[in-house]
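Colleague: Under our numbering, the first residue of the sequence shown is numbered 1, with each subsequent residue one higher.
No lab work stands behind these hints: they were computed from the structure.
Some clues are possibly wrong.
With a cut-off of at most 30 Å between alpha-carbon atoms, the simulated DSS-like pairs for lysine-lysine come out as follows [to be verified]:
#	residue 1	residue 2
1	Lys280	Lys355
2	Lys82	Lys280
3	Lys338	Lys232
4	Lys232	Lys280
5	Lys338	Lys282
6	Lys280	Lys338
7	Lys282	Lys232
8	Lys355	Lys82
9	Lys82	Lys232
Label pairs and their calculated CB-CB ranges [as the list claims (entries may be wrong)]:
#	residue 1	residue 2	range
10	Val353	Tyr170	20 to 26 Å
11	Ser243	Glu97	19 to 25 Å
12	Gly96	Asn372	49 to 55 Å
Built from N, CA and C at the ideal position, the CB exists for glycine as well.
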Amino acid sequence: MRRAIAVTLLALLQTVGAGAAEHLEWSHELEGSDGVWSPLHQPTGDTWLEREFGAMLNEVRAYADPAGRATEEEGESEELSKECIAFRADPFADIGEIMRAGCQPTVEQMSRLMDNPLGNVAMWINQVDVLWLDNDQEDRSPETQVNYMGILQFPLGITENWNVINRIVYNIPSVPIDQDKVDRLATFPPSQPPGGGPTQPPPSGDILPIDLIGGRTSGFGDMIYLGLASPKEGISHGPGQTSVWGVGLGQTFPSATDDLLGSGKWAMGPAAIYAYLGQKWKLGGLLQTYFSYAGDSGRDDVSMLNLQLFYYFSITETISIGAGPNIIANFQADSGDKWTVPLGIGIGKTLQVGKVPVRFMVEYYGSVVRPNTVGATHNLRFVVIPAVPAALIPFL
1 MRRAIAVTLL ALLQTVGAGA AEHLEWSHEL EGSDGVWSPL HQPTGDTWLE
51 REFGAMLNEV RAYADPAGRA TEEEGESEEL SKECIAFRAD PFADIGEIMR
101 AGCQPTVEQM SRLMDNPLGN VAMWINQVDV LWLDNDQEDR SPETQVNYMG
151 ILQFPLGITE NWNVINRIVY NIPSVPIDQD KVDRLATFPP SQPPGGGPTQ
201 PPPSGDILPI DLIGGRTSGF GDMIYLGLAS PKEGISHGPG QTSVWGVGLG
251 QTFPSATDDL LGSGKWAMGP AAIYAYLGQK WKLGGLLQTY FSYAGDSGRD
301 DVSMLNLQLF YYFSITETIS IGAGPNIIAN FQADSGDKWT VPLGIGIGKT
351 LQVGKVPVRF MVEYYGSVVR PNTVGATHNL RFVVIPAVPA ALIPFL
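Could you put the whole structure together from the sequences, leaning on the hints where they help?
Modeller: In structure tokens, the structure reads:
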């Protein structure tokens, strides 16, 4: 099945490459200067786009033709020690043991480590969500909301057998509403939580169409800390199959620079995570709940749930398809505005950028359930994640 999927993806990449060649005028740089891009020709590597596209194409081609890949790896292994060669041949080798032996983990091994949301790896998750907001009550063009979310994730060992996985989350939203106009109208706009967490309050008072208080407000949003206690060893289900889990607490901080960008409340709630990590499938979910206990008395209370599901299938050791939609429930909103339920699909690839493994992802979501007042109909998500093994950071 893996080879069949790889062959299908190879054909798709070749088709995309053909279109890219036409628009980017690669044809004059490629073998066979007949003015037509051929799937048999390789990019010259003169540009970053050509190099990365060529690398992805070659990787998928290698999985469609394993014999060719084996020949290539034989030449690379000649310069490595026998111990490092053995580590490279084991996709499930412990990264800490690899580092202590003086060897370097392969990008495939790092990619697998990054698949584990509770793994011994420090990651800087950079996520940009572009949401198209629609108002069912008004026949007007959709507005766009943009949210950049940064997540600093790192493990800390608290006992011989347990870690605490720390996630420090910060948001920089840009919403299609002018804060100054809202203040002059003395009203509250409809609220749409950004794609990664509870940062905005439910609407209160008279709701006006977003067009009437148009413009844009950008700035810093509420910060979130999430701590999850997790066993260092997962539950084994056989070779290359593990389950991991964790429980903890989340805390939001009213750090937003404008009322539109945050709740104005201190909120806390329990959290839990479970993930199945198979040789091909990675499935699970992260549940967060937040209930306000202090803050601006003039703002509505926070009572929210954020369930991020994830379902990914590995095409190769560094390429996967799937998505991680955020299902959000705002229990303070009216009955027709409580839930946002998106479904999506995307593709991701882990590359070696210098000495750092970096994962690039793009995902598309469509909302099957959304608030009646104002809700996101579509969401385009871009993610960039550089990672470092925790074994390289002494205090971790």
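Colleague: Does the alpha-carbon distance linking lysine 338 and lysine 232 stay inside the 30 Å limit?
Modeller: 37 Å, violated
Colleague: Assess, step by step, whether the Cα of lysine 282 is no farther than 30 Å from the Cα of lysine 232, and give holds or violated.
Modeller: Cα-Cα ~18 Å, so holds.
Colleague: Between lysine 82 and lysine 280, is the straight-line Cα distance small enough, at 30 Å or below?
Modeller: Roughly 28 Å separates the two Cα atoms, so the pair holds.
Colleague: For the pair supplied as a hint, lysine 338 and lysine 282, confirm whether the alpha-carbon distance does not exceed 30 Å.
Modeller: Status holds; Cα separation ~29 Å.
Colleague: Check the following: the C-beta atoms of valine 353 and tyrosine 170 are separated by a distance inside 20 to 26 Å.
Modeller: Roughly 23 Å apart at Cβ, these two residues keep to the hinted range, so it holds.
Colleague: Given the hint of 19 to 25 Å, check if serine 243 and glutamate 97 actually sit that far apart at their C-beta atoms.
Modeller: The hint (19 to 25 Å, Cβ to Cβ) holds, given that serine 243 and glutamate 97 are roughly 22 Å apart.
Colleague: For the hint 49 to 55 Å, verify it against the beta carbon of glycine 96 and that of asparagine 372.
Modeller: Holds, since glycine 96 and asparagine 372 (Cβ atoms, about 51 Å apart) stay within the stated range.
Colleague: Would you check the hint for lysine 355 and lysine 82, treating anything up to 30 Å between C-alpha atoms as holding?
Modeller: 22 Å, holds
Colleague: Compare the distance between the alpha carbons of lysine 280 and lysine 355 with 30 Å, and conclude whether the hinted pair is satisfied.
Modeller: 26 Å, holds
Colleague: Does lysine 280 pair with lysine 338 here, judged by a C-alpha cut-off of 30 Å?
Modeller: 35 Å, violated
Colleague: Please verify whether lysine 82 and lysine 232 have alpha carbons no more than 30 Å apart.
Modeller: 28 Å, holds
Colleague: Please verify whether lysine 232 and lysine 280 have alpha carbons no more than 30 Å apart.
Modeller: 22 Å, holds
Checked against the numbered hints given earlier, the structure breaks hints 3 and 6 and satisfies all the rest.
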